[in-house]
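Position 40 of the sequence shown, counted from 1, bears residue number 41 in the working numbering, the numbering being contiguous throughout.
Calculated directly from the structure, the hints in this document are not laboratory data. Keep in mind that a hint or two might mislead.
[To be verified] As a list, the in silico DMTMM-like pairs of lysine to aspartate or glutamate whose alpha-carbon atoms are at most 20 Å apart:
1) Lys114 / Glu125
2) Lys98 / Asp115
3) Lys114 / Glu124
4) Lys80 / Glu92
5) Lys114 / Glu104
6) Lys80 / Glu91
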Amino acid sequence: MEISMEQLMVFPLGEGFGFNGNILETNIINLSVVIAIVVSFGGDALRALLENRRESIVMTLQQADQRAKEAEQKLVDAKNRLEVATRRGEEIRHQGKETAERERLESIAQTEKDLLRLEEGREEVIQLRRQRAIGQVCQRVITQALSQVRKKLDSRLDPAFHKSVNYFILVLFSNDACWGGEKIFYLPSWNIPSN
2 MEISMEQLMV FPLGEGFGFN GNILETNIIN LSVVIAIVVS FGGDALRALL
52 ENRRESIVMT LQQADQRAKE AEQKLVDAKN RLEVATRRGE EIRHQGKETA
102 ERERLESIAQ TEKDLLRLEE GREEVIQLRR QRAIGQVCQR VITQALSQVR
152 KKLDSRLDPA FHKSVNYFIL VLFSNDACWG GEKIFYLPSW NIPSN
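Generate coordinates for the entire structure from the input sequences, incorporating the hints supplied.
As structure tokens, then:
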């Protein structure tokens, strides 16, 4: 029994079995048939697969939330450590400034003490040299004066006057307090006649 195309055309479309030329209608029908078969035969397996997938997604989301909380806690800890380090750095910088200022003031004070000590030493050296120069000048003046007096006395005076002058000189220079206990010159040894 052979059916020809002409016989198929005799049947109106949509009334029974036949060829449907509308692609959209046939795809919807075919998809609904396939879905019905899949749901009826593979529904339990599909449900189990979807449930596993849902649990996997939920677990991944929970892990992501946990990692986000841990990262947030680490960020808070890092901020706290940064704040502590910043405060410590400020304290160190402040202490460094205080130490530098204290050392600067101590250095200035020590320099002033050293300068004062050097000034005192310089004054002592100047005073010592002045005293030495005065002593040398006095010694020269006295030596020259005595030399001139001796020449005059030797040339013009008699022995009695000569003796009295010598005694006067001995008495005058025997007083050591006049020269601070230091002998400036030695008296010449003259022959003094005795009476």
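Evaluated hints:
1. Lys114 / Glu125: 16 Å, holds
2. Lys98 / Asp115: With Cα atoms ~25 Å apart, Lys98 and Asp115 exceed 20 Å; violated.
3. Lys114 / Glu124: At roughly 15 Å apart (the allowed maximum being 20 Å), Glu124 and Lys114 satisfy the hint.
4. Lys80 / Glu92: The given pair, whose Cα atoms are some 18 Å apart, holds under the 20 Å limit.
5. Lys114 / Glu104: Within the cut-off at roughly 15 Å; holds.
6. Lys80 / Glu91: Holds. Lys80 to Glu91 sits at ~16 Å (cutoff 20 Å).
Of the numbered hints listed earlier, the single one contradicted by the structure is hint 2.
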